[in-house]
Amino acid sequence: MPAVNETIETVDRISGGGYKFGFETNIEMEFAPKGLNEDIVRLISAKKGEPEWLLEWRLKAYRAWLSMEDPAWARIHHPRIDYQDLHYYAAPKKPAPKSLDEVDPELLAMYEKLGIPLNERAALAGIAVDAVFDSVSVATTFRDTLAKAGVIFCSISEAVREHPELVRKYLGSVVPAGDNYYAALNSAVFSDGSFVFVPKGVRCPMELSTYFRINARNTGQFERTLIVAEAGASVSYLEGCTAPMRDENQLHAAVVELVALDEATIKYSTVQNWYPGDAEGRGGIYNFVTKRGACRGRNSKISWTQVETGSAITWKYPSCILQGEGATGEFYSVAVTNNFQQADTGTKMIHLAPNTTSTIVSKGISAGRSNNTYRGLVRIMPRAMNARNFTQCDSLLIGDRCGAHTVPYIESRNRTAKVEHEATTSKIADDQLFYCRARGLSEEDAVGLLVNGFCRDVLKELPMEFAVEAQKLLAVSLEGSVG
Amino acid sequence: MLEIKGLTATIDGKEILRGIDLTVPEGEIHAIMGPNGAGKSTLSYVLSGREGYEVTGGSVTYNGADLLAMEPEERAAAGVFLAFQYPVELPGVGNANFIRTALNAIRRARGEAELDAVQFLKEARAAVTALKMPDDMLKRNVNVGFSGGEKKRNEVLQMALLKPTLALLDETDSGLDIDALKIVAEGVNALRGPAFSALVITHYQRLLDHIVPDRVHVLAAGKIVRSGGPELALELEANGYAGLEAA
Amino acid sequence: MSGTDLLDGFDLAALPGASAREAASARLRAGGWPTRRDEAWHYTDLAAGLRGFALGPAPAVEVAAELPEGQRVVFVNGRFDAARSTAPDWVGRLGGAAADTARGGVVVALNTALAEDGVAITLAPGQQGGTLFLVTLAAGRGETMPAIAPRHRIALGAGATLTLIETARGEGSYLHAPVFEVELGEGARLNHYRLQDESGEAVHVATIFAEIAGGAGYESFTLNRGARLSRNETHARLTGPAADVHLNAAQLLNGTQHGDVTTVVRHDAPDCASRQTVKSVLAGAARGVFQGRIEVDRIAQKTDGYQMNQALLLSDEAEIDSKPELEIFADDVKCSHGATIGALDPEQLFYLRSRGVPAAEAKSILIRAFLDEALEPVTDEAARAVFEAAIGAWWREGA
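Protein chains in written order, with the numbering used here: chain A, 1 to 483; chain U, 484 to 730; chain Y, 731 to 1129.
Bound conformation, chain A alone (with noise of 0.2 Å):
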C-alpha cells in the first residue's frame, strides 16, 4: 500500500519521528459494513455466538444510545463524530486461534516490534500478557499457569462461552449499558477486551496485562475490560495502548468495570500512548473511555494509575465506587498534552460507607497548544462516618500558548468526613532549570528530568517495568516543547 506508507512518512516527518509506535501490520482483515443499526449489532453479536441474554442487552444499550446527546460539559472540542462513517467490527480474516502456535505470525511480529512478545518463552518473567488487535483478542499467555492458581483470564468474547454466569452477573453492574454516551454505544457494540476472575482468597501469582492495539483504517474500537476478584483476592493488571499514525481521527471508546469484594484489591495501571496527531492537530485517537471500580466489600480496595501521554483527545475519569466499609479508592494520574492535544481527565470518588478513605493525586502537564484539564468529584454522602479524602492536584505549563485547568467538585454531606483538596500551576521554575544547566543538562534534559520529578509520586505507584516505560514516554511526549 504505497499511499499509505507515503502518508505515514510524510506524518513521521511532521512529528519528527516522536512517535515510534505509528507503524501498520499488513494482516487481512474482515470488516463489517460501515454505519450503525440493530443489524450491525446483531451481526456483532452472531459472530461472536453470543446469547439471547446478551444480544438483548446490546440492543438496550443502543436504543438508549439513540435517546442520548454526546456530553458537552468537558473541556474538549471536536468536530461531530460521523457514527455512520466508522466500522464496527473489524478482524483479521483467520479463525481465532486455539493456541499461540495459531497466531497470525505477522501479528506475533507486530507486538514483538512493540517490545510486547507473546511467546510464552520469551515473555517477560510473571507478566501475563492479553493482545487486543482492533477489537479482537488475538492471544493470551500464561492461561495454564494462571488455572492452575484458578484465575481466569481471557477475552471476554471467550468469557462468554466459558464462563457465562460470571460475565452475566458482573457485566453493566458497575457501567450500566446506559451509564453515558459513550458507555452506551460501547455496550451496543463492544467486540472484545480482556475479563479476569480472580477467586476467593487467591493472589493472582503475576501481573496480567493487556495491549491494545488499534491498526484498521476507520474502525472505531470498543473494547471492554471486566475484572472481578473475590473475598480476600488480588491482583494487578496492566494496560498498554498504541496506533499507528494517520491522518484522520479514530475513535475509542472503551468501558472498564471492577468489581472488588470484601478484603480484595484490584490495582490497575495504564500507559496510554495512543497517537496523539502530528505537531499540527492532524490525525490522533479520541479516547473517550469510561472506567470504573466499585468497592463493593469490606476493606475492599481499587487503585488507579494512569499515564497518558497519547490521544489527541482524553476524555476519562477513572472513578471508584466505595460501598464496602473500609474501603479504599486511590487515583493516581499524570497526564501529558503537547501539540493540539486536549485532556479533561480525573476521578470520582463516592463515598457510601462508613471509614472509606480515598486518595487522588494528578499531574498535569501542557505544552505547545495544548489544553489539560483535571475534573473530579468527591461526593461524601451521609452513611460515610468518619471518611476521609486528600486531593494533590499540580499543573505545570510549558510555554505560554497552552491552557492548565482545574475544575474540582468536592461535596460532603457528613460532619465527621475529612476532606482536604489542594492545587497549584505553575511553570518550571528558572532557577532549577538553570541549576540543571549549571551542572551540564541540556535544557531538554533538564525539563524532562524536572518533569520527571514532578510526577514521582505517581509514577512511583506503577509496576516496575511500566515506570520505567513511563517516564521515557515523558521525556518523548514533551520532545519540542522546550526553547
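Keep in mind the hints are simulated off the structure, nothing from the lab. Where is the CB? At the ideal position from N, CA and C, for every residue including glycine. Mixed in with the good hints, there may be bad ones.
These stretches of chain A come out as covered by chain Y in the derived footprint (C-beta under 8 Å, 3 or more residues) [claimed, not checked]:
1. 66 to 73
2. 333 to 339
Sample of chain Y residues lacking proximity to chain A, with all beta carbon distances greater than 12 Å (derived) [claimed, not checked]:
3. R809
4. D819
5. L824
6. N984
7. A1041
8. G1068
9. E1106
10. A1119
Derived pair list, reagent style DMTMM-like, types lysine to aspartate or glutamate, alpha-carbon separation capped at 25 Å [stated by the list, open to error]:
11. A:K427 x Y:D998
12. U:K706 x U:D549
13. A:K427 x U:D549
14. Y:K1064 x Y:D1110
15. U:K622 x A:D400
16. Y:K1064 x A:D400
17. Y:K1064 x A:E422
18. Y:K1032 x A:E444
19. Y:K1064 x A:E162
20. A:K427 x Y:D1027
21. A:K472 x U:D549
22. U:K646 x A:D445
Position chains U and Y against the provided structure of chain A, taking the given hints into account.
Chains U and Y in isolation, oriented as in the chain A frame:
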C-alpha cells in the same frame, strides 16, 4: 586558564560589575573577598551563564574559548562548576539520578563513554564516604528537606563526582559549622592539582584557613580594588572592608 | 413559575427605558430561572427556591431600623429614602432606566428589567470618600413576593478611596436582587464590606461586577447569615498591571438555609494578585456552596492567585459543596487553591474544656478563630463592629 577582561554587567539596567580584570592560571586557587553588595554573586552567575544578567562589556575566556558565548550546560561540559550559594531544591528528582544524568551529559558532550548505574554508584558511594556524609544522601531528592549544611555538602559531593577543572565556590562557607566547613574544604583540596583551578568567593576569612589560596582579590562596588597573597585575607579580617571603595 | 410568566406581575412598559427592559425580560422569559442543569447554578437551584411564589412590584413601605452614625444612604424596598439618608454630594441616584448589560446571567437580566433606582457613587481622581454606609431595608407584607432590584454604581477616579459598608436587612418574604457595577480607576482603592442579614423568609441574589484598573485595589468581605436562600456572585476583572483584589467571605448558616458564595476573578493584565479566603460554618440542615474560579489570560504573566475555602460542618444534616476552579493560559504564574472540610477538632475542644471553658463557649471560641482569617482584611473599625455584632448575634440565636 580563566581570563576576565574589563567585564561589566547589569541586572535590570543597574550596573553591578564595573570592569573586572582577573586572571586565574591553571592549577591556582584564587579567593574573592568583599563586602555585601560588592557583586561577588553576580560575578559567579555571570561566569556560569544565569539568565537575567546582562553583560554590557568585556570578555571572559576559559582555556582560550569564549565562555560568555556558551550556554550554561556547555560551560559545565567545558569544566566549569558553580557551587551555588543557595542550592536549588528539585522535588521528585533523586540525587544519584541527578548527578549521574549530569555526569553522563558532560561525558557525552566530551565524546566520552557514559557510566552505567553500577559504575556510577560505586564512585558515588566512595565519594559520600570520603566526604563523611550520611548514606541516604544519594537516595534523597536533590536538596529537598536538606539542612543548610547538607545542601552545601551536596554541592561539594556533586563537585567531587563531576570533577570540574574550574570551580566557582559562591559563599560555600556561609551557614556552615566548623566541622562541615572542614569537610567542604577537604573536598576542594582533594581536587587540587595542576589541572584544577578555583575561584573561592567568600565574605569571611575563615574558609581560607582551610583552603589556602594562591591569590586573594578584593571586590568592592563591582571592581577588583586590591590583590595580594593569602596575607591580604588576614589583613581584611583584622581591619574590615571599610575604606576599600576609595582605594 | 415557568419562564414565560415570571414577570407577569409587572408593568414594564410603564417604566422608563422600555427597550432595554424588554430585551432583558425576553432573556429572562426565554431561559426561566436557573436550575441545577445550568453549570453556573449546579449547586443552587434558584428555580426550586422561587417555585410557588408570585413575584410582584415592591410596594412603598416604611421599615423601622436603627441607623449608623455618619455618612449613609438608605434604601427601602429598592427606593432611595432621602429623609433618613445623610449623603455627601458625590452620592447621587441612578434613576430611570438601568443600563443594559449583556454580561451576567438571568439574575442580572431580572435586575435590568426591573431596576428603578440605585445609588450612584462618583469620586473624582484623588478624592477621599471616607466611610459610607449603604443601608438597604426591605419588607414583604402582601400577597405577592416583592422583587427588589436596585442597580448600584460605584466609580472611583484614579487614586480615590472609599470604604463602603453595606447592610441588607428586612422582614417577611421578598426577593432582593441588587446588581453592583464597580469601576476603579488607576491606583484607586475600594473597601467593600457587606453584611447580608436578610429576613429568614427572603431570597437574596446579589451580583457584583468590579473592573479594577492598574495599581488599583478592590478589597471585599461579605458575611452571609440571613435569607432562606442567598447567593453572592462577584465577577472581578483586573484590567491593568499590578492591581489586586481580595474577595473574602464567610457564611454562618443554620436551619434549612442555603447560602452560596460564587466568585470569578479574571486576570487580564500582568503582575496582578488575587486573594480569596472563604469560610463556611454550617449548622442544622443548612447547605453552603462555594464556587470560585480564577481565570488567567495569556497576557497575564506573573499572576499570583490564591484561593482557600474551608467549611465546618456542625451537624449531621449540614452539607457543603465546593467547586474551586483554575483556568490558566499564561505560563509564568503562581496559582493555587486549597479546600478543607471537616468538623470542629475534638481535641481542641477538649483542650479548652479541660482549662475550664464551658462546651458552648469553647465551641464559639473555636468557630470565631476559624472565621478569623477571612475577616483579617477588614481593618475598618466601623465595619469590624458590624460584623462582630452579626457573628455575636448568630451565637445567641443558637448555632
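Against the structure, the hints come out as follows:
no. : hint              : in the structure
1   : 66 to 73          : violated (count 1)
2   : 333 to 339        : violated (count 0)
3   : R809              : holds (40 Å)
4   : D819              : holds (46 Å)
5   : L824              : holds (36 Å)
6   : N984              : holds (14 Å)
7   : A1041             : violated (7 Å)
8   : G1068             : violated (5 Å)
9   : E1106             : holds (21 Å)
10  : A1119             : holds (28 Å)
11  : A:K427 x Y:D998   : holds (19 Å)
12  : U:K706 x U:D549   : holds (21 Å)
13  : A:K427 x U:D549   : violated (31 Å)
14  : Y:K1064 x Y:D1110 : violated (30 Å)
15  : U:K622 x A:D400   : violated (34 Å)
16  : Y:K1064 x A:D400  : holds (14 Å)
17  : Y:K1064 x A:E422  : holds (13 Å)
18  : Y:K1032 x A:E444  : holds (23 Å)
19  : Y:K1064 x A:E162  : violated (56 Å)
20  : A:K427 x Y:D1027  : holds (15 Å)
21  : A:K472 x U:D549   : violated (35 Å)
22  : U:K646 x A:D445   : holds (21 Å)
Checked against the numbered hints listed earlier, the structure breaks hints 1, 2, 7, 8, 13, 14, 15, 19, 21; every other hint is satisfied.
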